[in-house]
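Kindly generate the complete structure, drawing on both the sequences and the hints.
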Amino acid sequence: MQHALTVIAKIKPGKGEELEALLNTIGQDVKGKRENSHLELGEIETLQFGRWALIPNKRTGTWQYLFFSSNYDGSLADHLNEFADKSGEAMDKIWGCCEGYPENRTRNLAQYKKDFLSFIKTHSIDYNAFYIGYRYETLRSKRIFMDFRDAVSDFFNLPDVAKVAEGRLKHHLDRTPAEVLASFNDLPAAKQFYDDRLKPAMDSLPGKARRPRPRDFLTFPLFILDFIRLFIEVIIYRPLRNQITGREPALNIDLDDLNINDGITDIEDVITQNQVTIISAIKPGWWTLFKLRVVLIGIHLVAKHFQNRGSLGGIATIHFARWVIIDKGRWLLFTSNYDGSWPSYIGDFVDKAAKGMDFIWTSAPRYPEQGAQDIEAFKNIIRVNQIRTQAFYSSVPDTTVMNLLNDGEISTTLDKAGSAEWLRRLQGGGIIR
Amino acid sequence: MNELHNADIQGLVISGYGHLYHGHYLFLRFNDAEGGRKWVADMIPQIATGARWPKDDQGKTIKPDHMINIGLSCYGLGALGMPEASQATFPHEFRQGIAHPDRQRILGDTGENAPVNWEVGGDNAADVHAIIVVLAVSEAKRTQIYEGLKAGFAANDVTLIHEDVGDKLADSREHFGFFDGLSQPRLTTSNRDDKQAEPTIAEGEFVLGYKNEYGQLPFSPMLDGQDLGKNGTYMVFRKMHQDVAAFWNFIAANIPEAEGEGELATMTDDEKTVWLAAKLMGRWPSGVPLVMAPWRDNASIPQDQWNNFMFHDRDPYGDQCPFGSHVRRMNPRDSLPPTKEEGLKTADRHLLIRRGLPYGAPLFPLDQLPPPADIADDGVDRGLIFLAINANISRQFEFVQQSWVENTHFHGLYNEKDPIIGNANGTTEMTLAASPVRRTVKKLQRFVTIKGGGYFFMPSISALGRIATMG
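In the order they appear, the protein sequences are chains A and B. Add 113 to the 1-based position in the first sequence for the numbering used here, that's all there is to it. Add 195 to the 1-based position in the second sequence for the numbering used here, that's all there is to it.
Take these hints with a grain of salt, some might be off.
Pairs of lysine-lysine residues, derived as BS3-like cross-links and limited to a Cα-Cα distance of at most 25 Å, are as follows [as the list claims (entries may be wrong)]:
no., chain 1, residue 1, chain 2, residue 2
1, B, Lys-637, A, Lys-276
2, A, Lys-276, B, Lys-638
3, A, Lys-276, A, Lys-304
4, A, Lys-206, A, Lys-227
5, A, Lys-234, A, Lys-125
6, A, Lys-283, B, Lys-467
7, A, Lys-234, A, Lys-441
8, B, Lys-637, A, Lys-304
9, A, Lys-312, A, Lys-125
10, A, Lys-468, B, Lys-540
11, B, Lys-258, B, Lys-363
12, B, Lys-406, B, Lys-425
13, B, Lys-406, A, Lys-468
14, A, Lys-468, B, Lys-535
15, B, Lys-233, B, Lys-258
16, A, Lys-227, A, Lys-199
17, A, Lys-234, A, Lys-128
18, A, Lys-417, A, Lys-468
19, B, Lys-467, A, Lys-276
20, A, Lys-171, A, Lys-125
21, A, Lys-199, A, Lys-226
22, B, Lys-638, B, Lys-467
23, A, Lys-312, A, Lys-206
24, A, Lys-404, A, Lys-441
Bear in mind the hints are in silico, worked out from the structure with no lab data behind them. Owing to the predicted nature of the structure, the values given are computational and were not obtained by experimental measurement.
Written out as structure tokens, the structure reads:
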């Protein structure tokens, strides 16, 4: 199961520019897919996606907050310990620009890990809705599936195999995919590839894939129960907890309309995936905030119970997305890691989920009167509220949600009888779900 | 329904002028605002509109023997003295221009395709103020018009900075040997008499001032606080050089070997070569779509049916027309996931009206396919003058280029670009879907190189009048 970490920490006075330069360097390095000498993100095995973005204060013209988010596997402590162990120096440099960061890493690592966890927890904010494109897939399983699919693809591209595949396979479609792969072992080139490449890749596959609950008669009752539980948590428990513990304090974020040219677009389209970080104001009034909270509970649970196989409202390009109400209900933070271009991503929202967009973002001032259907106005309001993400990291940058789900199916159905559909999957196309 | 005001719309938006075989594309700089405006005013009476062509006594339509249309770039609007406040009402991508680094990134105009290598619209982008599109019934007519236009340049301090000519090739083929210009969107209030069953597209996708596929009026520029866009649109110019020898030699080198049963095993190498080229294109050289004739061209299918198809039900897995083929990318129809209804809705929101003509002499007789083995390039510059008409360059032309042509993961694929016009560098591939198992063509090359480009506002006749009298 993947998790979403959202952290907003106040930048020490005078540290903003230093931090910006540092994050830009990290962003550039990640863009160029080189390993940053200070931050070996590629070695952090619990990190699927990560980003650092600076939140400006438009009035003072300075960087006010550092925003960090990650989509990680396993426990938060393990996730942070990996950062501490593998990129400790970078953590000191980045988070050292923020108030309250422990500075004891080099003196006492064990104590530092506790303090770092506590620092992150203190500044973390619970999400209101979280969407996962491929539930239960860890970075490790994603990489194993991608590698296996590559191996199978190369196998069928072997000239000796390609030459005879059509004629042979027609008669073997009732066999399992594993049997089909082994059926070419009379060809020496195929046998060698099978032994050297396919077999090892096959052996590293996890036994059985964990899949989301199938939809059945229990889904709806579970949805309702979950809704009640979350409603109580979001409306009653969290505010009380925050009141008592002082968590999620008021931030006094002060943003204004940002410029479309403000360095947002020039960091897009470097890899297959892209990101958005949007911070939009929530109109004042308890009713707006209440409605928004309820809508987000609904979206979270629809994503969890009904749309948990790579598609949110028919949009099949989102790896992870989250909505987080921050600053005591004054702002809505939205982040997403998605495939392809920004215009196609926003276009997808409008083509397939315009109503959903309207439900959420009518909470924002100056949201188009005709809603997302007024696509140019909708695009404009998004760009106006989007902030630059200085450093964006993806662990598997050149693959898509559709590819990953397909790779997973190819990798976990080897012993299923019949191989027609399995062979179909090798072509991609996103047709078989 | 809001009928198009055809007499106020430049003719190229409404008609392809299929009977005018000889094109001339002139790129101008206005050296003086007043002279430039005078030139625009002088041009207005000569500009062909979309009004219905007159009929003779027998009721037969009299087709024009030429047409002239014009477009203005963002630099041209400035050079004509348009106030900055008015220029600011034009779309962001138009104001940046096609050669801006942001647009380059979106369009994939990098490497050999980068604007720095262009003949027009790259390094000299700021000098390209206007484009004239001339179509003429004969070369003589084209020359005659050219002489007349040149006199107008001299009189108004307008410099001709670049020109291209284009001429229709036999059977409407382009230089690779394929029938071109087949698929065009049909407008909702289209007054064409064809009976094709294609769905119609809202006018606002191609003409400002009318509702688009979202049910919205497109963004429209303003002048002096009043709308300037209505009945106008935007035109994209691309000069696309075609490496014909490289294309056919690549195809010939990559035809599949097949043994045993199946259609491929029965084909000669020449048949396989044409078949593979058709797979990359998505149509046979004749124009017949692969979904109607997957293995061999079928001359018995009448031409009025060639556009009369959808993908989803007919070819759900791309066995006939590959998902990644050129025509399935340029207009996926109802093919894109998740459903055919959703797919069609999305596709219809990113269509282009394509106008344009080939330039340069053919490398080989285009009716004899495939060309001889190992055909060598003769060094002649040849290709296509591509013009696209759309009401929103960003959502239409740029979207098609970025999200369909250059997108390596289009339609759930893994690592493919448009095999005909994609900016490939030997790292992408092409999947030929098939039952029981797909084939793959590896290491796709770039066969088309961009040599020029520009974004132009194509004002209505009345808007041209207001532009001519600005200031």
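Is the straight-line distance between the alpha-carbon of A:Lys-312 and that of A:Lys-206 25 Å or less?
Measuring from Cα to Cα gives roughly 44 Å; hence the hint is violated.
Is B:Lys-406 within 25 Å of B:Lys-425, Cα to Cα?
holds (11 Å)
Given the hinted pair B:Lys-467 and A:Lys-276, is their Cα-Cα distance within 25 Å?
Distance of about 14 Å is within 25 Å: holds.
Would the pair A:Lys-283 and B:Lys-467 pass a check requiring their Cα atoms to be no farther apart than 25 Å?
Judged against 25 Å, a Cα distance of about 21 Å means the pair holds.
Distance restraint between B:Lys-637 and A:Lys-304, which requires alpha-carbon spacing of 25 Å or less
Judged against 25 Å, a Cα distance of about 22 Å means the pair holds.
Hinted pair A:Lys-234 and A:Lys-441, Cα distance within 25 Å
holds (17 Å)
Does the structure keep A:Lys-227 and A:Lys-199 at a Cα separation of 25 Å or less?
This hinted pair holds, its Cα atoms lying about 16 Å apart.
Straight-line Cα separation of B:Lys-258 and B:Lys-363 no greater than 25 Å?
Within the cut-off at roughly 17 Å; holds.
Given the hinted pair A:Lys-468 and B:Lys-535, is their Cα-Cα distance within 25 Å?
holds (20 Å)
Would you mind confirming whether the straight-line C-alpha gap from A:Lys-234 to A:Lys-125 stays at or under 25 Å?
OK: A:Lys-234 and A:Lys-125 at ~19 Å, within 25 Å.
Tell me if the straight-line CA distance from B:Lys-406 to A:Lys-468 falls inside 25 Å.
holds (20 Å)
Holds or violated: are the alpha carbons of A:Lys-404 and A:Lys-441 at most 25 Å from each other?
holds (15 Å)
In this structure, the hints that do not hold are numbers 9, 15 and 23, in rising order.
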